[in-house]
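**Student:** Chains as they are written, first to last, in the working numbering: chain A, 1 to 505; chain B, 506 to 844.
Since the hints were made in silico from the structure, they are not lab data.
Heads up, a few of these hints could be off.
Which residues of chain A face chain B? A few of them, derived with a C-beta cut under 10 Å, are [to be verified]:
1. Thr-70
2. Tyr-85
3. Phe-88
4. Thr-175
5. Gly-245
6. His-246
7. Asn-248
8. Phe-374
9. Val-375
10. Arg-424
11. Val-453
Virtual Cβ for every residue (Gly too), placed ideally from N, Cα, C.
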Amino acid sequence: MDLDVVFLSRIQFALTIMFHYLFPPLTIGMGVVLMYLEGMYLRTREPIYEMAAKFWTTLFAVSFAMGVATGIVMEFQFGTNWAPYSRFVGDVFGSALAAEGIFAFFLESGFLAILVFGWEKVTPRFHFFATCLVAIGSMFSAVWIIVANSWQQTPAGHKIVTMVRNGTPVTRAETADFWAVVFNPSTIERLTHTLIGAFVLGSFFIMSISAWYLLKGRHEDFARRSFSGALIFATIASLAALISGHSNAQMVAKYQPAKLAAMEGHFTTGRGDLTVMGIPHPAERKMTMHLALPGMLSMLAHNDPNAVVIGLDKVPREFWPPVGITFYSFHIMVGLGMYFIALTLLACFLRWRGTLFDKRWLLRIFVVSVIGPFVANEVGWVTAEVGRQPWIVHPNVVRDVSGNIAFDAAGMIQYQLSEGLLTRNAVSESIKGSHVLASIIMFSFIYLLLFWVWLYVLNDKIQKGPQPVKILGDKRKGWLSASAARTLHEDSMSEAKDPFGNGGA
Amino acid sequence: MDLHVIWFILLGVLLGGYAVLDGFDFGVGILHPLAKTDHDRRLFLNSIGPIWDGNEVWLVVFGGALFAAFPDAYATVFSGFYLAFMLLLFALIFRAVSIEFRSKMKSTGWRRAWDFGFFFSSFLASFLFGVAVGNGMMGMPLNRQGIFIGDFIDLLNPYALMAGAVTVAMFAMHGAIYLFLKLPQGEARDRVRGWMWHCWGIFLVLYIIGTMYTLVAIPRATVNFRYYPWAAAVVLLNVLAIANIPRSVHRNRPIEAFASSTVTILCLVGLFGIALFPNLVMASNDPANALTIYNAASSAGTLWRMLIIVIIGLPFVLAYTAAVYWTFRGRVELGEHSY
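Pulled out of the complex, with its shape left as it was, chain A reads as follows (with noise of 0.2 Å):
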């Protein structure tokens, strides 16, 4: 049998790429949360807070270990399978990878383990400080690793040297401009966006796991202040993510426009519609089942209803991306994003006139909801690599003078061919597409047992509850504020221990 080097590499960096991805982006979100109630911890010394940071504590933990081992996996695996690309690229990309290492790895796990098993031998003052800094310390590898990858998309601050080594010439791309490589074109837009992402599934995270309380009718106030407080996060960063999302999307249609062309199935340049649901066949170049909105993809793009959209027709066929791909995630998550929002704002006004705790129904949605920004995060990416082929280091298309994309006689666009890498010429040559096979399957084997053993332990301190303290009813004042609650002051600390809540009942 002959076995496809290439597409088995692409399919073990989609398994693993794409497993490790359910937790960054759960943790980075958590983590915010963390920081606010330990904050406020130390601010009131009131119990709820505690109880809260502990319990939410343990369920990062356990997600950030699973972050951390499926991470090792991704450091290694340039090297492993995509050699040629290792050695084009280590200039520039190695660095931002070398620098994740030094300034986000040693500050998460580090002070990762003070915030598991330091409870008892830190001061709180010191806990709160080990909280922020795996909080920050997640979020530096969100910058880092985007750097990275939005070079790939988006090259800038590099030179393209040709040297002779061992009588054999090797082409590869260095630095020239250290910050114009760590902001490139796309790099603050994709970052505001995989933040964002990260917030709004560290958010229905919480809410998630708060509602399926209420419905049970355990933990109810603790469910009650939880679910309040990531409601608003949720809102807030729902509506960011649209705002993001359009900017981005600016961002696509200047510098990659055969990705944006294949993301809207826009085959014919002109007006750009808005897809609300279609199929696309790249074959016979055309849309069935289409329904759009005339003129949004322009108003999207260029903020302009009339304005023209560069379509797949102005782009070689060799250098299409998958169009079906990149077409289906990037809807998938647009749809879920819209999704988002309707469902926050209906879960906001129902709080505002009080009734959203009563809506049995609602809370049940919101139970199996948090599915949906898992999704979301994992297609966004999708969206933007698949986009990116046949490319593995996407080159800049070809401008005039007055910077607008210039079209060749036959009127196609033109990259800057030399400053490309195709992935079908970056895979290792040593390897065999047997031995990719069998990693394949090893991975999958041992990443079915890692997500087996998540779920398990999730579910198994989900079912623990947090550690109840006597708490006083109705005494919210506002939203920011319900997301903990307020004690008896004639509550002890050690009351917050007593496992049942007994103390007063």
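We have chain A; now place chain B onto it with these hints.
**Tutor:** Just chain B, lined up with the frame of chain A:
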């Protein structure tokens, strides 16, 4: 001293730091099945509980630094050792899972299974690291572009297998000394005391065999001693450190014993570096095809920038490491947050 040499040394520091820190984690895992009761096994596990994860970061950063400073070596080594490396990643992930989940259920069968997972993955990872170093010493067949052209099965040669065995014994010894340092007074600690002697004895025998094998089979290993006479001091220090282990154990000074086994590991990593220098990957078929710290390096500008990043970052890294080790100093106790 030129930038390339500085980066070679920095990578050695990262590799040495990793070997010392994760070395005792692996050692604890290798010795884990010898613990008699469930309570003892939990003590073993929790002796490395809060720190094993951070120790693994040294490996990840070593990988990132190699990628940034010497991308050609990174690409050749990891794609050339493909299956061995995938097996290593499997062991590292499986080990993390075993540690995380072993104590989550009371069932004996469940715990037995994860105990075995913890032991086996620690053993396998130690062995594979040794095999990798052994193959590094031997070199690998490379073409003129510096691409591996051998077969996977060539990696399992007698010399590399011997290096794997030395590494397992060394980490087991290091782990036993670490346990002696961390376990509370009691029967378990008394038994670990006996293991230290056995591990040291096995390591000593394998170390002598390994040294002789190296001198006979790898002429390249000693060439640099002619250019850098000070390298002999590393050998001397290594021997003294190994000899000091039984002395400190006998005098009941676990910290001194641990320092000695740490120096032993660092010296061996240092000797590996001296044997390689200035190569990163030696070519066993034609020495001219070797990847060196010059022909496999990133541009001078990048090496400079990365050095600045290290100079900014390293004090922080050392401060975090110190803070975490300080927080979890002293003997192991089992509490509600333990594994």
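**Student:** Next, verify each hint and record whether it holds.
**Tutor:** Going through the hints against the structure:
| no. | hint | in the structure |
| --- | --- | --- |
| 1 | Thr-70 | holds, 7 Å |
| 2 | Tyr-85 | holds, 8 Å |
| 3 | Phe-88 | holds, 8 Å |
| 4 | Thr-175 | holds, 5 Å |
| 5 | Gly-245 | violated, 31 Å |
| 6 | His-246 | violated, 34 Å |
| 7 | Asn-248 | violated, 27 Å |
| 8 | Phe-374 | violated, 21 Å |
| 9 | Val-375 | violated, 24 Å |
| 10 | Arg-424 | violated, 16 Å |
| 11 | Val-453 | holds, 5 Å |
In this structure, the hints that do not hold are numbers 5, 6, 7, 8, 9 and 10, in rising order.
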